[in-house]
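Student: Listed here are the chains, written in short residue letters.
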Amino acid sequence: MTEEFMGFPRPKGQVGIRNKIVILPSVICVNHVAQQIAKKVENSVAITHPLGCGQFGHDFNYTIKTLAGLATNPNVFGVVVVGLGCENLTSKKLARQIKRAKKPVEFYDVQEIKGGTIAAIEKGVEIGKKMREESSELKREPFDFSNLILGLECGGSDSISGITANPAVGIVSDKIVNLGGTSILPEFTEWIGTEHLLMKRAVDQNIADKIHSVMNSFLENTMKIGIDFRGVQPTPGNIAGGLTTIEEKSLGTIAKAGKAPIQGVLEYSEAPKKKGLWLMFEPGLDVESMTGLAAAGAQVIIMTTGRGSPTGNPVSPVIKICGNPKTCDWMKCNIDVDASSIITENKSVDDVAQILWKKLIEVCNGEQTQAEVLGFEDIAIWRVMNFPFSAFKI
Amino acid sequence: MNSEDNCATALATISKDAEIEINGNRIKLNEDIEIGHKIALKDLKKGDLIKKYGEIIGIAIIDIKAGDWIHTHNIKSHYLEKIKND
Numbered sequence: 001m002t003e004e005f006m007g008f009p010r011p012k013g014q015v016g017i018r019n020k021i022v023i024l025p026s027v028i029c030v031n032h033v034a035q036q037i038a039k040k041v042e043n044s045v046a047i048t049h050p051l052g053c054g055q056f057g058h059d060f061n062y063t064i065k066t067l068a069g070l071a072t073n074p075n076v077f078g079v080v081v082v083g084l085g086c087e088n089l090t091s092k093k094l095a096r097q098i099k100r101a102k103k104p105v106e107f108y109d110v111q112e113i114k115g116g117t118i119a120a121i122e123k124g125v126e127i128g129k130k131m132r133e134e135s136s137e138l139k140r141e142p143f144d145f146s147n148l149i150l151g152l153e154c155g156g157s158d159s160i161s162g163i164t165a166n167p168a169v170g171i172v173s174d175k176i177v178n179l180g181g182t183s184i185l186p187e188f189t190e191w192i193g194t195e196h197l198l199m200k201r202a203v204d205q206n207i208a209d210k211i212h213s214v215m216n217s218f219l220e221n222t223m224k225i226g227i228d229f230r231g232v233q234p235t236p237g238n239i240a241g242g243l244t245t246i247e248e249k250s251l252g253t254i255a256k257a258g259k260a261p262i263q264g265v266l267e268y269s270e271a272p273k274k275k276g277l278w279l280m281f282e283p284g285l286d287v288e289s290m291t292g293l294a295a296a297g298a299q300v301i302i303m304t305t306g307r308g309s310p311t312g313n314p315v316s317p318v319i320k321i322c323g324n325p326k327t328c329d330w331m332k333c334n335i336d337v338d339a340s341s342i343i344t345e346n347k348s349v350d351d352v353a354q355i356l357w358k359k360l361i362e363v364c365n366g367e368q369t370q371a372e373v374l375g376f377e378d379i380a381i382w383r384v385m386n387f388p389f390s391a392f393k394i
Numbered sequence: 001m002n003s004e005d006n007c008a009t010a011l012a013t014i015s016k017d018a019e020i021e022i023n024g025n026r027i028k029l030n031e032d033i034e035i036g037h038k039i040a041l042k043d044l045k046k047g048d049l050i051k052k053y054g055e056i057i058g059i060a061i062i063d064i065k066a067g068d069w070i071h072t073h074n075i076k077s078h079y080l081e082k083i084k085n086d
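Which chain is which? The protein sequence lines are D and U, in order. For the first sequence, the working numbering assigns the number 1 to the initial residue and increments by one for each residue that follows. For the second sequence, the working numbering assigns the number 1 to the initial residue and increments by one for each residue that follows.
The following block holds chain D by itself, in its conformation from the complex (with noise of 0.2 Å):
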């Protein structure tokens, strides 16, 4: 049986699993204005966000590429981008990159239009209600799984995440990788100490080396001013719920990427160029991750999760799955995949694996994970640079 989920044809070749009308600030002064017109268009959600002024460089860089992917990415039907007027990033700028995408953009600053934001808001939902309507029109058509990018995430882990969650997690990676289909590993701080086991997957000499250069730059920088990465590893938590060194603890958080070989390392947010396993360099917050990943252009993305973490995001349905029977008891509402009867029922992680690629079956064709129907939509920009504490003298 050909494995195949149900999705919305987009341009250029896209398929997306939700149908959604995004209404994006360009800038954090218009926040309200955004929440406001997609509080009255049905199927619509505002991306707010706390930057698009007063940034520069590789930070101002991020969070255009990042707005413009999430805007971009297949769940999205169209997009009315707003502006203030007088920010960095202006309503303009972020459209043209949208645009590239080919679906429907319209952009506006609440400054040009006489009435304020009262009259920006219903600009803003009389645009929104009219690609609703069109939005509307599509029907769901079958896809095969080559079409799809899943981000692998975990949050709020514990010591049984690891042998649990994660290699099922891993199990359905590689099934959507040999359909055809792409798989994203963000939270480089995570991997750290399991940099040859992942250089020895990589497809080529070229990028066992990417993986080696960018963990090592990294990890060689930050200890010039004064942060050792490699010594914060494993938390006392992480200690006290039985993981004794940084290995053992990024063995069960590479798990989530199974067995396939490495296609190469992207740039945060930044949009595979081919099928197969990526790995992003992000450095490990759920939110930031997650952001980055569905700015990438995933559809979907998986997060395990031991002690609990209910967040999602605007654009791509996050299914949690957790191993760990008294949070799946008493956070129920915010697990989709109980994975605890390994433990408690003597399951095998396969039969876990199996359960959870149903569910990512049922998710794509348009079944609701708990945080969308729970409301879960933040986004996180990584800040890449920050004044250096160093800088300042006070």
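These are calculated hints, taken from the structure and not from any lab test. Just so you know, not all the hints are guaranteed correct.
[What the hints assert, rightly or not] Cross-link-like lysine to aspartate or glutamate pairs, in silico, EDC-like; alpha carbons within 16 Å at most:
| no. | chain 1 | residue 1 | chain 2 | residue 2 |
| --- | --- | --- | --- | --- |
| 1 | U | K84 | D | E220 |
| 2 | U | K76 | U | D63 |
| 3 | D | K123 | D | E112 |
| 4 | U | K65 | U | D17 |
| 5 | D | K129 | D | E106 |
| 6 | U | K82 | D | E195 |
| 7 | U | K16 | U | D32 |
| 8 | U | K84 | D | D228 |
| 9 | D | K39 | D | E126 |
[Claimed, not checked] Residues from chain U that keep clear of chain D, each with C-beta distances beyond 12 Å, as calculated:
| no. | residue |
| --- | --- |
| 10 | E19 |
| 11 | D43 |
| 12 | D48 |
[As the list claims (entries may be wrong)] Some chain D residues near chain U, calculated using beta-carbon distances under 8 Å:
| no. | residue |
| --- | --- |
| 13 | D158 |
| 14 | I160 |
| 15 | I163 |
| 16 | G193 |
| 17 | R230 |
| 18 | I239 |
| 19 | G241 |
| 20 | G242 |
| 21 | T244 |
| 22 | T245 |
| 23 | I246 |
| 24 | E247 |
| 25 | E248 |
| 26 | L251 |
| 27 | I343 |
Ideal placement from N, C-alpha and C gives every residue a C-beta, glycine not left out.
Model the placement of chain U on the given structure of chain D, informed by the hints.
Tutor: Showing chain U alone in chain D's frame:
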């Protein structure tokens, strides 16, 4: 997790003197093992490498007996040790 492993992870808290069976070998626990913590599957000498997932997760800093709890008191990171010596 893997046939090459010389430690196993407890999926439930197990009391001292309980016997567990792994790959046909019976091992008596020398101390209480909390859920998520590791047990030595055979006698290990100081300097031996500890394997979980079929990969090295550390190096023994003292001799360890089969059935002992394996944690920060008797193993340390092999990865950090290698970097220190490079």
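Student: Against each hint, give a clear statement of whether it holds in the structure.
Tutor: Hints, one by one, checked against the model:
1. U:K84 x D:E220: Measuring from Cα to Cα gives roughly 13 Å; hence the hint holds.
2. U:K76 x U:D63: holds (13 Å)
3. D:K123 x D:E112: The given pair, whose Cα atoms are some 12 Å apart, holds under the 16 Å limit.
4. U:K65 x U:D17: holds (14 Å)
5. D:K129 x D:E106: holds (12 Å)
6. U:K82 x D:E195: holds (13 Å)
7. U:K16 x U:D32: holds (4 Å)
8. U:K84 x D:D228: Holds. K84 of chain U to D228 of chain D sits at ~13 Å (cutoff 16 Å).
9. D:K39 x D:E126: holds (12 Å)
10. E19: holds (17 Å)
11. D43: For D43 of chain U, whose nearest Cβ neighbour in chain D is about 19 Å away, the distance exceeds 12 Å, so it holds.
12. D48: holds (14 Å)
13. D158: This interface hint holds because 7 Å falls under the 8 Å limit.
14. I160: holds (6 Å)
15. I163: OK, holds: I163 of chain D within 8 Å of chain U, min 6 Å.
16. G193: holds (4 Å)
17. R230: holds (6 Å)
18. I239: Nearest chain U Cβ about 6 Å off; hint holds.
19. G241: Holds, because the Cβ-Cβ distance from G241 of chain D to chain U comes to roughly 5 Å (cut-off 8 Å).
20. G242: Since chain U brings a Cβ to about 3 Å from G242 of chain D, closer than 8 Å, the hint holds.
21. T244: Cβ of T244 of chain D sits 5 Å from chain U, so the hint holds.
22. T245: holds (4 Å)
23. I246: OK, holds: I246 of chain D within 8 Å of chain U, min 6 Å.
24. E247: With a minimum Cβ separation of about 5 Å from chain U (threshold 8 Å), the hint on E247 of chain D holds.
25. E248: holds (4 Å)
26. L251: holds (5 Å)
27. I343: For I343 of chain D, the interface hint holds, since the closest Cβ of chain U sits about 5 Å away, which is under 8 Å.
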